[in-house]
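There are 2 protein chains.
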Amino acid sequence: MADKAQIQEAIKAQGEVVRRLKAEKASKDQIDEEVAKLLQLKAQLGGEDGKHVFVLKTAKGTRDYNPKQMAIREKVFNTIIGCFKRHGAETIDTPVFELKETLTGKYGEDSKLIYDLKDQGGELLSLRYDLTVPFARYLAMNKITNIKRYHIAKVYRRDNPAMTRGRYREFYQCDFDIAGQYDPMIPDAECLKIVYEILSELDLGDFRIKVNDRRILDGMFAMCGVPDEKFRTICSTVDKLDKASWEDVKNEMVKEKGLSEGVADQIGEYVSMQGGMDLAERLLQDPKLSQSKQACAGLADMKQLFSYLQLFQVTDKVLFDLSLARGLDYYTGVIYEAVLSQMIQAPVVAKQNGALPGDEASVSVGSVAGGGRYDGLVGMFDPKGKKVPCVGVSIGIERIFSIMEQKAELLAEKVRTTETQVLVASAQKNLLEERLKLTTELWNAGIKAEVLYKKNPKLLTQLQHCEETGIPLVAILGEQELKDGVVKLRKVASREEVDVPREELVEELKRRTSKLP
Amino acid sequence: MADKAQIQEAIKAQGEVVRRLKAEKASKDQIDEEVAKLLQLKAQLGGEDGKHVFVLKTAKGTRDYNPKQMAIREKVFNTIIGCFKRHGAETIDTPVFELKETLTGKYGEDSKLIYDLKDQGGELLSLRYDLTVPFARYLAMNKITNIKRYHIAKVYRRDNPAMTRGRYREFYQCDFDIAGQYDPMIPDAECLKIVYEILSELDLGDFRIKVNDRRILDGMFAMCGVPDEKFRTICSTVDKLDKASWEDVKNEMVKEKGLSEGVADQIGEYVSMQGGMDLAERLLQDPKLSQSKQACAGLADMKQLFSYLQLFQVTDKVLFDLSLARGLDYYTGVIYEAVLSQMIQAPVVAKQNGALPGDEASVSVGSVAGGGRYDGLVGMFDPKGKKVPCVGVSIGIERIFSIMEQKAELLAEKVRTTETQVLVASAQKNLLEERLKLTTELWNAGIKAEVLYKKNPKLLTQLQHCEETGIPLVAILGEQELKDGVVKLRKVASREEVDVPREELVEELKRRTSKLP
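Chains A and B, in that order, are what the protein sequence lines are. Numbering of the first sequence is given in our numbering, commencing with residue 1 and proceeding in unit increments. Numbering of the second sequence is given in our numbering, commencing with residue 1001 and proceeding in unit increments.
These aren't lab readings, by the way, just hints derived from the structure by calculation. Glycine residues also receive a C-beta, built at the ideal position from the N, C-alpha and C atoms. Some hints here could point you the wrong way.
To be verified - On the chain B side, residues computed to face chain A include the following (Cβ under 10 angstroms): (1) Phe1054; (2) Gln1120; (3) Ala1449.
Unchecked claim - Footprint (simulated), chain B over chain A, 3 or more residues, beta carbon under 8 angstroms: (4) 210-219; (5) 447-456.
Generate coordinates for the entire structure from the input sequences, incorporating the hints supplied.
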């Protein structure tokens, strides 16, 4: 550790940085970050008693999960993994960091949000930004040409966190992808079926899945007169339509990205269109769009997609929406995004994070799933450029967690964080050994059992532990029970008690707990 | 991206670095790292056709898990989590990175192995090195004074990887810890019970759990004449006894750490001792040790521990071993480590990684679990130094994976990577729509079903897919079946076929698949 004089020097310098930013009226966010650094430095000097004082927090934009949050998370994961497995998916895992150059050039304007590791000698590494690029690297590296896989893992983005809305710098992605050369639109339709099944099963209220196609967007841009090299950046601008008004989006197109007003207005007409298979059919006759080969290919596939979606019984929630653009560079065909219809009240989360309830806290959670086709990404990695067509979907699990947590809080649901079936207890002193012996018998028989780590706990303390943690049964030992070769089995909820012969206890517990929810 | 001239400049400089290291006869490892950097730079220049050529690899010391490895991993995790839940544990999660200073000063000589994140503005962050320090930070931050929790997550160490032996730079830890003020040695004994249960259930062959106590070691060091300030560093040296001979260890004590030969020899006598409760009793009478208060407290607790281990029925595998020291700084009481008895042959893994089979590949995997009591760590984080006593164990899951993978390979076990119960197939053309319709019925009823993404697949292709991936049943549709309102259900293994009425298919599948393993 640096010596005191060095630290004091650093504190002085950092104090300057903060003062300068405040004078320059820099963003609150920027100032906060530099203040945090200053506090860390001050903490190194230690408290008055010379003890080192730690800044007790998690890194900005990240959070711990407590046991209750983990119980909810486990439930959500089980539903999602259950769906992926029902559709015959395998799973893989990749490292949390990749060679930096593996990620370079894949995320368009968002590449600046990638976390890099410090160069401590050796390779230059970055934390993964999503699971899709590592998946493509995995396929190219192992020369895999077809696979249906899911991958659930954390990804990292140096974004501006909005934690009340479930936006973090470290967050889970739940990805399902199908790689391989298949007949058109069948895997694409299955991805949408999966989104439909998961959102229905999680019971998050009504939702819509918007679909579009990059080829339709590109054809539309071309026919409206957008220069080729501006397709991707205009795409990013269109993508803001879910949060911004058309006026703002048009403004960005004209003032920042240099389109003429006439071109922007033509785009404006198209991106207001929504419909189903009928819209695809109508646009195939559109005088402008029908002149673009790309657009026609996209529209024909859109029709095909809707016909499969009918067979999959999901068209009631799917909407062909020309304003859907998606931010990422690598999409080449169908794209989609699921949004919840309800507005979410977020007082609970806001309170937890010490924020004031207000505008920010009660907004729509927005997109909860998104994806699309990316036929070129694997080829970027392959030395010979060999392509592997891919389509996939990513479930926005953090937003779903936020909603589930709020629901549990609003309904004052009691969430159990352990699965313990029985507490081994005693009403008298000096029975620790007997309690441990019985607990051992239960563990060895596969029963989920607990025992308090005290020599002589009071019975009341033991019963309270059951009520607090939701343990349904207590096995009580006393001198008399030991003499009679029985155990007093008590139901915590009803206080019913019955003596069970010791040698039948395991069977009786198995019988009773198999009926528990 | 940098321009061509800049890259060529960098390549020249890096080439110099490599040449210099080779001339200096630097370690192979160091040279390899710099060569890797050089190759990355060269790759940026692109191939002959101007296409950017990627280095297709994972970061040094890390690996992808393919579906087969994931299937094995899932099985191992289920066993371990099952055990943790049987003992009433909750689970938490913490971010993959912490404020750098949270980790500083916790790991003794190993702190140099911590991965830092690049300073991109904002906080200084490091990847977690273990799950114990983040756990202590979590307890102090949330003022939690008792909890029994498990945490399964990846940790990061810039160590020299030995991947054939299951040693990686990114690897899983499976931690179980009990925090709280309880009667002595009960939670400690439960940790050992858990190690015993997990290693037995995973069926990894015979094993031993060595136990010792930091207080016994410190008392022993004091009585042998080691100066106080050398306790921790001598502890690190003693810890090498599982891999190095006494001569080497003594050499390090005398030549590197400055002990006199007489002191080292006295230590040598003690660290050769092994036994059970009897050894603890004998050492309580030892003329030297019995003069150390610390040692006596440790020995009395060791006796108590063994008495609980008897009740837990695990003493057959537990060994009180005075040479056990454990590397980490934060232990304050009981420490333990589990080792497998068998030597592991690792030809398969060695082959996979392109290494030659040889000495390195066929060595013992060594320790597969370890832990101990750390009563001071939470207090380091608490502003007022308030202590929360903790004891815990970490399962060395990567080594266990390596063994399970080798076992599966040696036994030529067929590992299924999906759970699909039935493939929906057809023997005739133009039945894609009918196949999709039936698959939808099955998915909606919760049956795990697949369908090939082809308009007109051959029946043989469909049956081969079942055999390759282990799908046990095929539901075959044809013109005749559709007319008769039936589905032909075929068992892949026996080729038995039977017509099932369409409306009874779901029930029939549920009946059949509930009997599957």
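*Unmet hints by their number, sorted upward, for this structure*: 4
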